[in-house]
Amino acid sequence: MTALLEIRDLHASVGDKPILKGINLTINTGEVHAIMGPNGSGKSTMSYVLAGRDGYKVTGGDILMKGESLLEMEPDERARAGMFLAFQYPVELPGVGGMSFLRAAVNARRVEAGEEEIDQLGFVKIVREKAKLLGISDDMLKRAVNVGFSGGEKKRYEILQMALLEPSMAVLDETDSGLDVDALRIVSEGVNLLRDPGRAMLVITHYQRLLNHIVPDQVHILAGGKIRKSGGKELALEVEESGYAGIDDAA
Amino acid sequence: MAATTETIAQVEQATGKYKYGFVTDIESDKAPKGLNEDIVRFISAKKEEPEWMLEWRLKAFRRWLTMTAPDWAKLDIPPIDYQDSYYYSAPKQAEKLKSLDEVDPELLATYEKLGIPLNEQKMLANVAVDAVFDSVSVATTFREELSKAGVIFCPISEAIRDYPELVQRYMGSVIPVGDNYFAALNSAVFTDGSFVYIPKGVRCPMELSTYFRINEQNTGQFERTLIIAEDESYVSYLEGCTAPQRDENQLHAAVVELVAMTDAEIKYSTVQNWYPGDENGKGGIYNFVTKRGVCRGDRSKISWTQVETGSAITWKYPSCVLRGKDSVGEFYSVALTNNMQQADTGTKMIHIGEGSRSTIISKGISAGKSQNCYRGLVHMHPTAENARNFTQCDSLLVGDKCGAHTVPYIVSRNPSAKIEHEATTSRISEDQLFYCLQRGIGEEDAVSLIVNGFCKEVMKELPMEFAVEAQKLIGISLEGSVG
Ligand SMILES: Nc1ncnc2c1ncn2[C@@H]1O[C@H](COP(=O)(O)OP(=O)(O)OP(=O)(O)O)[C@@H](O)[C@H]1O
Ligand SMILES: [Mg+2]
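First to last, the sequence lines map onto chains D and W.
Reading the first sequence from the start, the letters are residues 1 to 251 in my numbering.
Reading the second sequence from the start, the letters are residues 1 to 483 in my numbering.
Derived from the structure by calculation, the hints contain no laboratory data.
We put the CB at the ideal spot given by N, CA and C, even for glycine.
Treat each hint with caution, since some may be false.
[As the list claims (entries may be wrong)] Taking lysine to any residue pairs in the SDA-like style, the calculated list, with each CA pair at most 20 Å apart, reads:
1. Lys456(W) with Gly95(D)
2. Lys132(D) with Pro94(D)
3. Lys460(W) with Lys132(D)
[Said to hold, decoys possible] Sample of chain D residues at the chain W side, in silico, Cβ under 10 Å:
4. Gly52
5. Phe84
6. Ala105
7. His206
8. Tyr207
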């Protein structure tokens, strides 16, 4: 088993405010890990730091993907190297047609890999197929990216992008929040289809019920900018029952 | 179509910074430098014009001598030495040509670099092209098919000889010779341009297109276009402009007049990509253009769509005079400035007719150290009973060294007239940019996507062929604006 993602003693600040205070985490290829933790504990911050967002400063430690440090790479380079983030709050791009956006993303990756760009017609076919599995309508595909989508539609659209981009490391930030029961099942099935021996996933969630659908190999509890506890999927049940009170903040 | 599937990245790769920065080496035939009555006579004689045309030019020239350049725009215009320029320059072999085969191959190659292979366009795009190379129309295609429909589409110099009654009746009827400094200058020294006449009840069977290009060093380009749409007729006209890269500034002062009769419709689209100068503001075209249309007849409609990405300085206000009852005026504009470019552009909607309606959608994008100003007038005359206007002006700032300004003038002399004005100014948000980057899209492409999204409402008004080119242009023009 090889490590796909290795986070080593990662410290990061937003502005002058330290948020991540020494995170250690290794995810092997083929594995799915879940992260739970109270509001404001730094989960989204961690996802942004992994993706290299401007303003999220790494003050110590390292992040390795497939053995290579990501720290010197721009966000788009990381993305093309296989890092994908399903946003907790997907962003609206007024006037930007969904199809051209998706195609630009896919082609950016193909160009990097030295492959032919995909043409419009072929692409539309592929998108339609994948969208259908996720219950995304043609009408939604025709609209501007995320504009006027409901909360649940936005989350599904994130998973569609993941399916199209086939990342090696996918971070899903609260993809289950705001989904109704049916959507939760559809999205989870979509995610499970993408489970692959060559791919790893990090699923951020507040709810144990998601982990019934997407069964994780490991669960970690993040609190106060550190991982306080790690365990199997039963750890999620524990949290569900007794909350975060039992997690030792001082650990 | 191949062009539609091309991505911005590809185009950037293929084109580099300024796509059209090359000079064609063709011997040209030019008048001596400077401007005086003799030059005006020279131009008129070269064009074998009738006496009335010469008189008209001389009247304009004398008028121009008494005028001063407008200074009310938010533009910093260096002094222009009108005596240090050539006013006539024609490719040497400009004798009449019967077919494209007779056109200088080097000229045709130039067009090809511009992306308008005439031969191909003839067959594929169903677009008739009247290409203006410097000052003389070189090739006019599709003449025959058009003439079957009764449509006249020819160089204006030809129209002056062949259709003098029409030209005399309409030229200067929308923009009088003394309308403004640059229009007067144009009236005195214009060398070519297009003439379009659509007879009653005719829907022009194809989109008409003219490509303008300034090639000769130190030549001002003064083209003049006149479009007349008779009752119940329709025409869509496309104008594209490019100029080679030069260190000096060049003046371009065009005049475009549109006349729409009862139930007629004219759609006029421009993609302007004159050389904008370099990052430090050296060189570039001064684009001082007067464009105006009059909706003479009831229910007539004139629609201006412009995508302005080039020129060092743009001074341009395509306008509509809405005389007819229930006539309609539209102005859709994208003005993008980068580096040291300056643009002061907008429209005038003059409502005279009862129930006349106008829509103004303006999208200004400023990047680099550029200044971008929307200036617009909506004027409701006392006769404009129940007239309506809707104006939306959106500005987008890329970076923090540029400026966006909105100067709307509103005059309402009729209490039943309704005027709505909306304006926004925004920046490309970091959220949006990061979202695109996270999907692997490079920063420049991301900005281009977001900016094109911002312009969508205007872009969709452009004919398909033009929209694709305009989209790419926006990407190219934004190069170097981020990072
Ligand atoms: N741009 C910012 N400026 C200042 N503080 C910030 C910024 N972004 C995040 N923070 C702070 O960092 C902390 C962690 O936020 P983060 O969004 O990572 O939490 P989270 O674990 O994802 O919470 P939730 O479960 O509510 O999504 C919070 O205290 C938050 O207020
Ligand atoms: Mg969060």
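Each hint tested on the structure:
The hinted pair formed by Lys456(W) and Gly95(D) meets the criterion: a straight-line CA distance of about 6 Å does not exceed 20 Å. Under the criterion of a C-alpha separation no larger than 20 Å, the hint pairing Lys132(D) with Pro94(D) is inconsistent with the structure, at around 24 Å. Proposed proximity of Lys460(W) and Lys132(D) is contradicted: the alpha carbons are some 28 Å apart, above 20 Å. Taken as an interface hint, Gly52(D) checks out: its beta carbon lies about 8 Å from the nearest beta carbon of chain W, inside 10 Å.
A hinted interface residue such as Phe84(D) counts as satisfied when its beta carbon comes closer than 10 Å to some beta carbon of chain W; here the least separation is about 8 Å, so the hint holds. Residue-level restraint check for Ala105(D) holds (minimum Cβ-Cβ distance to chain W is 4 Å; threshold 10 Å). Taken as an interface hint, His206(D) does not check out: its beta carbon lies about 22 Å from the nearest beta carbon of chain W, beyond 10 Å. Interface hint status for Tyr207(D): violated, as the beta-carbon distance to the closest one in chain W is roughly 24 Å, over 10 Å.
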